[in-house]
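**Student:** Single-letter residue listing:
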Amino acid sequence: MEDIIICRCQEVTRQDILDAIADGATTVDGVKRRTRAGMGLCQGKTCERLVARMIAEQTGRPLSEIVPPKSRIPVRPVKIGIIGGEQDE
Amino acid sequence: MREIVTDVAIVGAGSAGLSAAYQAASAGADVLVIDENARPGGQLFKQIHKFFGSKEHQAGTRGFAIGEQLLAKVEQSGAKVWLDSLVYGLLPDKSMGVISQGLNYSVKAKKIIIASGAKENYMAFPGSTLPGVMGAGAAQTMINVNRVLPGERILMVGSGNVGLIVSYQLMQAGAEVVGIVEGAPKIGGYGVHAGKIRRAGVPIYVGHTVDCVFGEEEVEGARIVAVDEKWNKIPGTEKTFDVDTVCLAVGLNPMTELVWMAGCKFDFIPSFGGHVPLHDENMETTVKGVYVAGDVTGVEEASSAMEEGNMAGVAAAEALGYLSAEEADKRKQQIMERLNTLRSGMFGAGRRTSKEKQIQDMHTYLESHKRTDPQEEVLGV
Numbered sequence: 001m002e003d004i005i006i007c008r009c010q011e012v013t014r015q016d017i018l019d020a021i022a023d024g025a026t027t028v029d030g031v032k033r034r035t036r037a038g039m040g041l042c043q044g045k046t047c048e049r050l051v052a053r054m055i056a057e058q059t060g061r062p063l064s065e066i067v068p069p070k071s072r073i074p075v076r077p078v079k080i081g082i083i084g085g086e087q088d089e
Numbered sequence: 001m002r003e004i005v006t007d008v009a010i011v012g013a014g015s016a017g018l019s020a021a022y023q024a025a026s027a028g029a030d031v032l033v034i035d036e037n038a039r040p041g042g043q044l045f046k047q048i049h050k051f052f053g054s055k056e057h058q059a060g061t062r063g064f065a066i067g068e069q070l071l072a073k074v075e076q077s078g079a080k081v082w083l084d085s086l087v088y089g090l091l092p093d094k095s096m097g098v099i100s101q102g103l104n105y106s107v108k109a110k111k112i113i114i115a116s117g118a119k120e121n122y123m124a125f126p127g128s129t130l131p132g133v134m135g136a137g138a139a140q141t142m143i144n145v146n147r148v149l150p151g152e153r154i155l156m157v158g159s160g161n162v163g164l165i166v167s168y169q170l171m172q173a174g175a176e177v178v179g180i181v182e183g184a185p186k187i188g189g190y191g192v193h194a195g196k197i198r199r200a201g202v203p204i205y206v207g208h209t210v211d212c213v214f215g216e217e218e219v220e221g222a223r224i225v226a227v228d229e230k231w232n233k234i235p236g237t238e239k240t241f242d243v244d245t246v247c248l249a250v251g252l253n254p255m256t257e258l259v260w261m262a263g264c265k266f267d268f269i270p271s272f273g274g275h276v277p278l279h280d281e282n283m284e285t286t287v288k289g290v291y292v293a294g295d296v297t298g299v300e301e302a303s304s305a306m307e308e309g310n311m312a313g314v315a316a317a318e319a320l321g322y323l324s325a326e327e328a329d330k331r332k333q334q335i336m337e338r339l340n341t342l343r344s345g346m347f348g349a350g351r352r353t354s355k356e357k358q359i360q361d362m363h364t365y366l367e368s369h370k371r372t373d374p375q376e377e378v379l380g381v
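Protein chains in written order, with my numbering: chain A, 1 to 89; chain B, 1 to 381.
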């Protein structure tokens, strides 16, 4: 059977996430850095909770300890030209 | 970058944000509300059902009508509302990066109220990324706001109030709901909503989950399966449905990115949707001058969100000197009484317990920590 997709923006499968956790990822950021899960257009709004639950299940740690990925600017998709100006340097 | 200075900046023009704006602006504060949507009201304008509760919470009035009343009050109060505008971040000095009409603004506010709401939970199963699988809230927006039917034959996953109400509204909009699937052994939402659905002939499969959704290019069918008390699938209990749409109504979680970015400390309350910001009775977080209100503080419902918004708006106006302590206390006491009424009864008492824990955890935190205060030197307030 075809594997389940967890992060649809970056097409990261459940097996990819499990591999990342087996590789030592203990946080949502750790999974993100290894797999790109949560780095797409929606910035993890769909998959973040699914990833957190998988980390909890695999590591036996409580969900309370598994915080969302580090929140950085921009928290919404924005056009770089609007922030940086139209001129290329 | 253009700079804007205001007394109060509010992120989100939903139930909580608009209520906060009304309170702060009618007390005399300069208020700017920023919302990424094209229309104000958050989720209120897609609520076509009548609200519950007491008379002062407009029980019997439909959600969108409550939204219209609130919007009219906000317009009279003098608060500015920017729509189609994004708050893309908070800088360490708590100035807000905002994009509106293609322009980049730095909004410097003496008080920030984050009322960013919640987003829908998702489930992953084989076929969960096929077009036709969507959040129940998305389906509700499509039918009640955009007047587009997402599909003709629908399987609803989740029997909480969202699943029950959206199922009924999809039927009113002309779709057939073939069934509601509920993993728990009993229906999650109010009996009055479940009764309406059952009288309309829609089966509710408790103790079942989605096994898979299938189709070539889009949803063509779904299979459900019974689960035991440990959520293990029971082979041989599968049922297959011919559907073109599967709606997921499996809870919400707070949209907290900006609150984390502000440096606020968090609590973990599963019944509120997971990690939620610590806040005191005034809705102020562990960061001085940063308030939260509504679903971002823990997922509840629209009436509580409005009251939390009222509370944050009054507290911010008081902190800025627009309300005397005496006047503010009077208003805050009335708001707290209404909140306690909302958080009572069979479905509300648990929310009150959770909220009291959250506020207690805030006080425990403040016994050993000071509120962080990056604002004073930057803004000179």
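Calculated directly from the structure, the hints in this document are not laboratory data.
It cannot be assumed that every hint is accurate.
Said to hold, decoys possible - One-sided excerpt, in silico: chain A residues whose CB lies under 7 Å from chain B:
| id | residue |
| --- | --- |
| 1 | Gln15 |
| 2 | Ile21 |
| 3 | Pro74 |
| 4 | Ile80 |
| 5 | Ile82 |
Unchecked claim - Quick list of simulated restraints, FRET-style, between CB atoms:
| id | chain 1 | residue 1 | chain 2 | residue 2 | range |
| --- | --- | --- | --- | --- | --- |
| 6 | A | Val78 | B | Lys239 | 20 to 30 Å |
| 7 | B | Lys233 | A | Pro62 | 42 to 52 Å |
| 8 | A | Ile83 | B | Gly195 | 32 to 42 Å |
| 9 | A | Gln15 | B | Lys370 | 45 to 55 Å |
| 10 | B | Gln334 | A | Gln15 | 20 to 30 Å |
| 11 | B | Glu337 | A | Val78 | 38 to 48 Å |
| 12 | B | Gln360 | A | Gln58 | 29 to 39 Å |
| 13 | B | Gln334 | A | Gln58 | 44 to 54 Å |
| 14 | B | Gly350 | A | Pro62 | 13 to 23 Å |
| 15 | B | Val178 | A | Thr59 | 19 to 29 Å |
The beta carbon of each residue, even a glycine, is placed where N, CA and C say it ideally should be.
**Student:** Each hint needs a verdict: does it hold in this structure or not?
**Tutor:** Consistency of the hints with the structure:
For Gln15 of chain A, the suggested interface contact is broken, since its CB lies about 12 Å from the closest CB of chain B, more than 7 Å. Because the smallest distance between the Cβ of Ile21 of chain A and any Cβ of chain B comes to about 15 Å, over 7 Å, the interface hint for this residue is violated. Among the interface hints, the one on Pro74 of chain A holds; its C-beta lies about 4 Å from the nearest C-beta in chain B, closer than the 7 Å criterion. The interface hint given for Ile80 of chain A is broken, as the beta carbon of that residue sits about 11 Å from the closest beta carbon of chain B, more than 7 Å.
Interface hint status for Ile82 of chain A: upheld, as the beta-carbon distance to the closest one in chain B is roughly 5 Å, under 7 Å. In this structure the supplied range 20 to 30 Å is violated for Val78 of chain A paired with Lys239 of chain B, their Cβ-Cβ distance being about 45 Å. Between Lys233 of chain B and Pro62 of chain A, the C-beta spacing of about 25 Å breaks the proposed range 42 to 52 Å. Taking the beta carbon of each, Ile83 of chain A and Gly195 of chain B are about 52 Å apart, not inside 32 to 42 Å as hinted.
Our hint of 45 to 55 Å for Gln15 of chain A and Lys370 of chain B holds, since their Cβ atoms are close to 46 Å apart. Restraint check, Gln334 of chain B to Gln15 of chain A: a C-beta distance of roughly 55 Å breaks the suggested window 20 to 30 Å. Checking the proposed 38 to 48 Å range against Glu337 of chain B and Val78 of chain A shows it holds: the Cβ atoms sit about 42 Å from each other. Evaluation of the 29 to 39 Å hint for Gln360 of chain B and Gln58 of chain A yields a pass: the beta carbon distance comes to about 32 Å.
Evaluation of the 44 to 54 Å hint for Gln334 of chain B and Gln58 of chain A yields a pass: the beta carbon distance comes to about 49 Å. Restraint check, Gly350 of chain B to Pro62 of chain A: a C-beta distance of roughly 20 Å satisfies the suggested window 13 to 23 Å. Between Val178 of chain B and Thr59 of chain A the CB atoms are about 39 Å apart, so this pair departs from the stated range of 19 to 29 Å.
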